[in-house]
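Position chain H against the provided structure of chain F, taking the given hints into account.
Heads up: the protein sequence lines correspond to chains F and H, in order. Numbering (this note's numbering) for the first sequence: 1 to 271. Numbering (this note's numbering) for the second sequence: 1 to 259.
FYI, nobody ran anything at the bench for these hints, they're computed from the structure. All C-beta atoms in this analysis are idealised placements derived from N, C-alpha and C, irrespective of residue type, glycine included. Any given hint could be a false lead.
As the list claims (entries may be wrong) - Residues of chain H clear of chain F, computed beta-carbon distances all greater than 10 Å: (1) Gln17; (2) Asp27; (3) Met82; (4) Glu146; (5) Lys200; (6) Asn218; (7) Lys228; (8) Gln239; (9) His245; (10) Leu252.
Said to hold, decoys possible - Straight line, CA to CA, 25 Å or less: simulated SDA-like cross-link-like pairs of lysine to any residue: (11) F/Lys242 x H/Gln99; (12) H/Lys142 x H/Met157; (13) H/Lys122 x F/Asn152; (14) F/Lys242 x H/Gly26; (15) H/Lys93 x H/Asp192; (16) H/Lys66 x F/Leu34; (17) H/Lys66 x F/Val151; (18) H/Lys29 x H/His211; (19) H/Lys29 x F/Ser32; (20) H/Lys228 x H/Val80; (21) H/Lys59 x F/Gly240; (22) H/Lys143 x H/Leu153; (23) H/Lys59 x F/Val139; (24) H/Lys122 x F/Arg51; (25) F/Lys242 x H/Asp152; (26) H/Lys93 x H/Phe110.
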Amino acid sequence: MTTQTPSKPAREPGPITQAVTRFGQGLIDIVSTLGGIITMGLDVFRWSVRRPFRLVNLFAQLDFVGVGSIFIVSLTGTFTGMVFALQTSTAFRLFDAESLVGPTVALTLTRELAAVFSALMVTMRAGSAMCTELGTMRVTEQVDALETMAVNPVQYLLVPRVLAGLFMVPALTMLFNTMGMGGAYVVAVGGLGISPGTFLTRTQQWLAPEDIFQGLLKGAVFGLAVSLICCFKGFNASGGAKGVGQATTEAMVASALSIFILDFILGVLFF
Amino acid sequence: MSPPASNAPASGTPMIQVVDLHKTFGDHKVLTGINLTVPAGSTCVILGGSGSGKTVLMKHMIGLLKPDRGQVIIDGEDIVPMGVEALQRVRNKFGMVFQAAALFDSMTVFENVAFPLREHTKDPEDVIRQKVRARLDLMGLKKDVEDRFPADLSGGMRKRVGLARAIVMDPKVVLYDEPTTGLDPITTDSVDEMILAAQKELGVTSVVISHDISSAFNVADQIAFLSKGVIVASGSPEQLREAEHPAVKVFLETWFGKN
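With the rest of the complex left out, here is chain F (with noise of 0.2 Å):
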């Protein structure tokens, strides 16, 4: 006759096991949606160059993206320009600079703030709807319905959106150092008695087109990558209406995060 001993109950892992199971696990998820993410920008791209053309929804998203997010960036962009002039002029006066106010803003506002606000803005605006459009559309079947009817979804519905984002950002960016500019001069020249022609040969002087464009170039890059994570976490939402709250709330953080991180990539590129 056999006798068994009896096996010794699964012992509970310590806190540091548990914490490095905690942040392996992390790391996996933030590797395996940035694989899905880039999976996805690719099939976007191959899917926006085939046929059929769906101008009619690109041009909904480039209403619905970047026309409807102008009175925002606009004001955002106005009052950007205001508050700077403002702390700068008082910063400057210590030492008898202040028509340096003119060029500070205008390249703090072209190089950096203009391009990151857009994108904030965009996203909290156009980026959280798209998210939860997307993730109502697939926990209630629609893009199943899509798939069914031979449509493919990434080119009716991921296209238009990705594409918006990247053309519609850069011109949000445009508009934001317009007004930031003007509110910029507004409180220099009207608020502050720095002289017209000193705020704006100043800024002339200092401001070169490779300024602008870089803000422009780091905006697109900034709308690519917002609509392209707000498209993946809405398009893989699951888990009914908690499922699209939890998708979006990860797609706004995760937005928000990488246009910071992008932000510092692209300036130590520029530098």
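Relative to the frame of chain F, chain H by itself:
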């Protein structure tokens, strides 16, 4: 009643063949060797409890999922190895009615039903209008419904619009995913009639996924019973009532009683 549409294949030849189909999600084996043949022009109901793998099987039939192993032969073509473009061509033979209708909520009823025609034909707008009207008529939907949005329709009406959209391209096969779930008995009857009408008027092959025994026995030429990822009994409704498999017996007893 008009004769079946001319695009219907000869009755009796297999329209759908599923051969030794296996599918696993993670550690969960959902389908473990499905074999099923659906003759052209017939209505096959796949009956089974929740979580038995019915919807997964249907998604394989239209290529929304790829199996781990096995074949899905539609009208003589194995769709498993097909790429996106070849699958799109095969999907033109299908119409699908989803459990919650899956109507596009940003479009009106008319735009929903017209959608496949606008995507896949060059029909002028007046021809599209006629075809949409004809399908909505067949489903018993009045003209004033055309301009309403899906959110303004009852569950039964949404199902009817879903079927009108599924059959507007004169497909060879219509798949129904739990068409009577969540409907009252009268609406369930009308959905059954709608399935029979689509088959008789258009000569389509129908595959219905359901756990509604009454509805299954109303519409089916053939019933396949799915349990734990495998078809344990298959045949005409009468044959299924005589099936000896315990899972089938227990399931049918809930409707027919123990005797």
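Status of each hint after checking the structure:
{"no.": "1", "hint": "Gln17", "verdict": "holds (19 Å)"}
{"no.": "2", "hint": "Asp27", "verdict": "holds (17 Å)"}
{"no.": "3", "hint": "Met82", "verdict": "holds (12 Å)"}
{"no.": "4", "hint": "Glu146", "verdict": "holds (19 Å)"}
{"no.": "5", "hint": "Lys200", "verdict": "holds (23 Å)"}
{"no.": "6", "hint": "Asn218", "verdict": "holds (25 Å)"}
{"no.": "7", "hint": "Lys228", "verdict": "holds (24 Å)"}
{"no.": "8", "hint": "Gln239", "verdict": "holds (31 Å)"}
{"no.": "9", "hint": "His245", "verdict": "holds (31 Å)"}
{"no.": "10", "hint": "Leu252", "verdict": "holds (29 Å)"}
{"no.": "11", "hint": "F/Lys242 x H/Gln99", "verdict": "holds (20 Å)"}
{"no.": "12", "hint": "H/Lys142 x H/Met157", "verdict": "holds (11 Å)"}
{"no.": "13", "hint": "H/Lys122 x F/Asn152", "verdict": "holds (18 Å)"}
{"no.": "14", "hint": "F/Lys242 x H/Gly26", "verdict": "holds (23 Å)"}
{"no.": "15", "hint": "H/Lys93 x H/Asp192", "verdict": "holds (22 Å)"}
{"no.": "16", "hint": "H/Lys66 x F/Leu34", "verdict": "holds (24 Å)"}
{"no.": "17", "hint": "H/Lys66 x F/Val151", "verdict": "holds (18 Å)"}
{"no.": "18", "hint": "H/Lys29 x H/His211", "verdict": "holds (20 Å)"}
{"no.": "19", "hint": "H/Lys29 x F/Ser32", "verdict": "holds (24 Å)"}
{"no.": "20", "hint": "H/Lys228 x H/Val80", "verdict": "holds (22 Å)"}
{"no.": "21", "hint": "H/Lys59 x F/Gly240", "verdict": "holds (19 Å)"}
{"no.": "22", "hint": "H/Lys143 x H/Leu153", "verdict": "holds (14 Å)"}
{"no.": "23", "hint": "H/Lys59 x F/Val139", "verdict": "holds (15 Å)"}
{"no.": "24", "hint": "H/Lys122 x F/Arg51", "verdict": "holds (15 Å)"}
{"no.": "25", "hint": "F/Lys242 x H/Asp152", "verdict": "holds (23 Å)"}
{"no.": "26", "hint": "H/Lys93 x H/Phe110", "verdict": "holds (22 Å)"}
Every hint, counting from the list given before, is met by this structure.
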